[in-house]
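Asks: Now for the letters of each chain:
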Amino acid sequence: MRAFEYLSPKTLEAASAAVRTAPEGARIIAGGQDLLGELKERIATPGRVVSLKAVPGLRGIREESGSLRIGALATVQEVAESPLVREKAPALAEAATSVGTPQIRALGTVGGNLCQRPRCWYYRLADFPCLKKGGGTCFAVEGDSRYHAILGGGPCHIVHPSDLAVALVALDASVEVVGAKGRRTIPIADLYALPAVDASRETTLAPDEIVAEVSVPAGARSAFRKFREKLSLDFAVVAAAVALGPKGPRVALGGVAPVPWRSREAEAALGAKPVTAESAAAAATAALAPAKPLKNNRYKVPLACAVLRRTILAAAGVADPGPPAPPATPAPTKKAGEDF
Amino acid sequence: MKRVRRSQVEIEGKLRERTEVVEEDPSPPWDDRARLRVAGRPHPRLDGRAKASGAAIYTQDVGLPGMLHARILRSPHACARVLSVDASAALALDGVRAVLTQENAAAIPWYGGTTRLLERTVRYAGDEVAVVAAEDEETAEDALHLIRVRYARRRPVLDPGTAPRGGKPSVYTRGNARKAVSGAPVVVAGSYRTPAALHQAFETHGSVARWEGEHLTVWDSTQHIFGVRKELAAALGLPLHRVRVISTFMGGGFGAKNECGKYTVFAALLARRTGRPVRCLLTRAEESLAAGCRHATVQTLRLGARRDGRLLGIEHRSLCDVGAYGTDGPMPVGGPARTLYRCAAVRTEEVPVRTNTGPHTAFRAPGYVEGTFALERAMDRVAEACGLDPLEVRLRNYSPGDPRGFRYTRKGLRECYRIGAARIGWRRRARLGRRGTSLRGLGLASQVWPAGGAPPSHAVVKVNPDATAEVLIGTQDIGTGTRTVLAQIAAEELSLRARDVTVLLGDTGAGPYSLLSAGSLTTASAGPAVRAAARDARQQLEELATGLARGKGGRPGPREVCREIGDAMVIGRGARGPNPEGLKACSFGAHFAEVEVDAETGEVRIVRYVAVHEVGRVVNPLTASSQVEGGVLMGIGFALLERRIEDPATGRGIAVDLLDYKLPTALDLPPIEVLFVPGADPRATTIGAKGLGEPPIIAAPAAIANAVAHAVGADLPELPLTPDRVLEAIARGRRAP
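Just so you know, the sequences run in chain order C and X.
Residues in the first sequence are numbered from 4 upward in steps of one, following our numbering.
Residues in the second sequence are numbered from 3 upward in steps of one, following our numbering.
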C-alpha cells in the first residue's frame, strides 16, 4: 500500500474540497470495504484518503413525504434490517441482505456500495494494464470472461458489482450528491455510465462529488433475486430487481452489464397489465434478447432469463408455474486453455 | 532390538519397496475385547481452548526481538529469462536490510536439482526472483516495487494437451485389459476432467528463522519437522544437530507443507546475512500462485462388463498437468481403478505433462479424489447400461481383498454401504424425480485408501512424581487433534486421565523422530509408538512397585510409586512396530448425497449427506467427526466450486484471493451425518486404529456428481459442476431418448 495522508473533515463540503485540493489524487473512504483492497493491491494509489466518518447526519434511514431517505453512511446491515425498508422497499432490503458477509455488511455503507469498483479479475490485478486502469486492452475479450458482461459491454466488459444499485434502479431511486457546485439530485440510473463513455470509471460523478443520500419512493411492490455460486462472500453471477409501482413496472438486472442494467424491453413486455406467468416469461426473454455474450459467459443468458422471470413473479406475488418451455439451451462453452 | 528388512509400503497411494529398520512392539493389540476407558471415547481437544482464545502460538504469531520481515518478488511472466535484477533502489529505501537475488544467494539446488533457489529462468508466473528483508512488512512490500527486473519473455506452454512430457508415465497392468474391455458385452467409455485445485490452508506457508551462533532455529508451518530439518541442513550445509525445527501449532497443510519451502531457506539466509531473526510468510495471493495444487487431470476410462454388471476389464489413462517443475511425478490417479473393484484385467497409466503453471504437490488423497470421480461416475453408467441399481453393481464387484493380490487386515466397505444406504433411504432413489424446476437425485461413491501407517516413529514417556506424564514425540499436530489423541492413548496405558498427560510435539529438539503427518499416517504410526512407550513406563512402575512392596503395607499403587521414587523418574521408550507381513491396511468409506438441481439455473443444492467410514478403532469420535466434516466440505468445494484459474493468454493466476477462488462457506453446507463402522482393526496396528486424514474427501466429489447425474439424467464429465456445465448436462439429458 502506498503511504497516504488521512483527513477526516466535519462537513461534506470540506470533504469535497479536501478531494479537490489533493495534489496527488484522493479517494473517499466510508466503510473501507472496497477501498482497502484496492489500496493494498496498489490498484488505487491516492496521496490522500478523505474519511466521511466525522461528517454528522449521514447515517439515518427515515420516511419523508412518501420516500425513504437513506444516508450515505447507513450500513448495508442497517438497510437489510430496517423495518421501514423491509416494508416499503422490499427489493432493497433483499439486495442488502445478499451483500458479502455479515462482517462486510456491518461495515460497508450504502454510499460505498454504490460507488464500489468492479470485481473484474483483470482490473483487480496490477499485472494487467487494462482499459480501466488506463491501459489499452480489455483482457476479458481474449481472456477468461466467465463472469463478464453480456449486455452493454465494450470496450471494457466489466459487470457492475453493486446489488443495492440494481434494486435502487428498479425502485426509481434518486441520489443526492455534494460537490464543488453544491448539491444536486440525480436519478440513480444517471449515476452510472457505460464504459463506451469513459472506460476508466463507472459513475458520472465528478472526482470531488460525494454521495450524501439516497431517496427511494416508498410502497411499490418489489422483489430482488440474486444468483451466485456460493451463498456467502460471493458477488452476483446475475441479479434482478423488479418494482411494480404506480408509473408501471421497472426492471433492472445486475451482474450482466457494466452498469446496473435497466431493461426497457422487459418493462414494455410487461406493460400496464397485471403480471401473469406468460408475461413474466415473455418479459424475461425480451430483456435478454439484446445479449451479446463473450467467449465464456453464454450460460449467463438463460440464467439471467430464469432469475428475471422469477423476480417478476415474486414482485407480483404470482405463483411460479415453472418455465413455459424448455429453457434456452446454451451452446457448449469450451474455455480457452482448458481444452486438453 | 532393531532389525532390517525389505518391505513394501504404500504411502499416498504410491506403492514402494524400501529397506526398513524395524523394532518389534510386544504390545498385545487392543482388539474388540479390550476394555478401554479413554481411547475410543469422545474427548474435547486438549488445546481447544488455547486455539479458540488465540493463546496458541502458530508460526504466524511468532514475534522475536529485532525480527525482520521478508517479502518475495515473483515473476509476473509464466516463462522468461531474467536478464538482470537491479536492487539498488530497494536497498536504498529506509528500513530495508538485505535483498537476495540470483547474484548474491547461494546456488542451492531446488525441485530435485531441476533449478536453483533463485535462478535465471523463471518457469511460471509466481516463480521466485528476489527477496527483501526489512524492518516491517510494509517497507519490504514497498521495496519489492523498487526492484528493477529485466525479463526476456518466452512463449509459455499452457495447454496440457500439447505440453511436453514431464517425466516417465507410471504404468500398471494385470491381465489384458484392452482385450477384456473390447470383448465385453457392455462397454462404458468416457473422458473425465478435474481442475487444478488449491489447498488454501488457513495458515499460509511461512517460517521464522533465528541464528544463535552456529545454531539455527526455525519455526515453520509444516507437516514434517524432521523433513524440514533434513532439507534445510542440506541446503545450508549444516550438520543436523545445529538445526532445530519447531511447529507447535499449525493451521493446516493438506499435503502442501510436506517439504521444506524456499521461504524457509530465504528466512534462514537473510537471518544469517543480517544477524537478525527473519520472518517470511506467504500472502494469500502467493499461497494461491506458488504453494502447490492438486494437479489437473484428463482421464480416459473404458470399463467392460458382463450384462449382469460384473467387471471384465478396466482401462484408465490420465494426463496429469504437473505444472512447472512438478518433481513429485504424477499422482496415483489410477489407484481406485487398480484397487476398488474385483476385476482381473486392469491397465492404468498416469502420464505427467509439464506446463508453465504453478507446480503441483500432494493434496489430501492426491490422485484418488480425481480417480474416484471418474471411476465411480463410470460405474454408475455400467449400472445404467445393465439396468441395475448403482449400489447393486458395486456389491457385485466387491473385492474382499486387494485385487492386486494382497489380503487386507480388515475391509469394512460392505458395512459402510449397508449403514449409509439405510441412513439416507437409498431405496427412495427410484422414486425421486422432477417437481416443477426441481430435479432430485441420489448418488453414492466408494472409497479405498492405504492408511495403516508405518514405522519409524519413536516416543518417550516421562512419568512425574505427581503421577502426571509427558509424551515426547517428534510428530506434529497439523490441526487434526493429534495432541489429544496421543494423550488419550498414553493415558489409557498409564491408567490416567487424558488431561493428566501433556504431549510435547512439533519440536525436533525435544522429541524423537516420527513420520511426516501426511498419507493418513499419524495416528496409525505415532499412536502405537506412544502406546509402546507408555506401556514400557507402566511396566517399569510395576517392577518398582514389586521392589517397593514391604510388610503389611503391601504393594504400592502406581501413584504411590511415583511419589516414592520422586525425581528418579520413570522414562518409558517405545517404537512403532513393523506392519504385518503380506497384509495391507486400508481405510474404507462410502458417501451418499442427495441433491436438488434447479433445472432452470443449473444450481446444485446438497440437501442431505451421509458419510460412513471404516477406519478400525476411532480413538476420538469427536476429532474424527470433525475430520470427516472437513473432508466432506473440501470435497463439496472440489465438486461444485473450486478451480485454479489462469489467464489463458499469459498463464497468470487470476483467481488468487478467497473471493475468486471459491471455497464453500458454512451456508453452502448441508447437514453432514458422520458414521463409523464399529470395531477395531487389531491386525493393522496395536491400537486397532487406521488413518482417517484423507479418506473423507475421496468419495465426496464422486457421490455428488453421481447424485447430480441422477437428477439431470446425463453424464457430468468435468468438475467443478458449475451452472454452465449443469445447464449443458440438463440440455443433453433432455435430448437423450
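Hints are computed from structural coordinates only; laboratory data are not their basis.
In this text, a Cβ means the ideal position worked out from N, Cα and C, and glycines have one as well.
Treat the hints with care, as some may be off.
Said to hold, decoys possible - Taking lysine-lysine pairs in the DSBU-like style, the calculated list, with each CA pair at most 30 angstroms apart, reads:
1) X:K170 x X:K53
2) C:K276 x C:K136
3) X:K53 x X:K464
4) X:K181 x C:K43
5) C:K233 x X:K53
6) C:K43 x C:K56
Stated by the list, open to error - Listing some non-contacts, in silico: residues in chain C with all C-beta distances to chain X over 10 angstroms:
7) S235
8) G251
9) R301
Asks: Against this structure, judge whether each hint is valid.
Replies: Here is how each hint holds up against the structure:
1. X:K170 x X:K53: violated (44 angstroms)
2. C:K276 x C:K136: Distance of about 45 angstroms is beyond 30 angstroms: violated.
3. X:K53 x X:K464: holds (25 angstroms)
4. X:K181 x C:K43: violated (60 angstroms)
5. C:K233 x X:K53: holds (28 angstroms)
6. C:K43 x C:K56: holds (21 angstroms)
7. S235: violated (4 angstroms)
8. G251: holds (26 angstroms)
9. R301: violated (8 angstroms)
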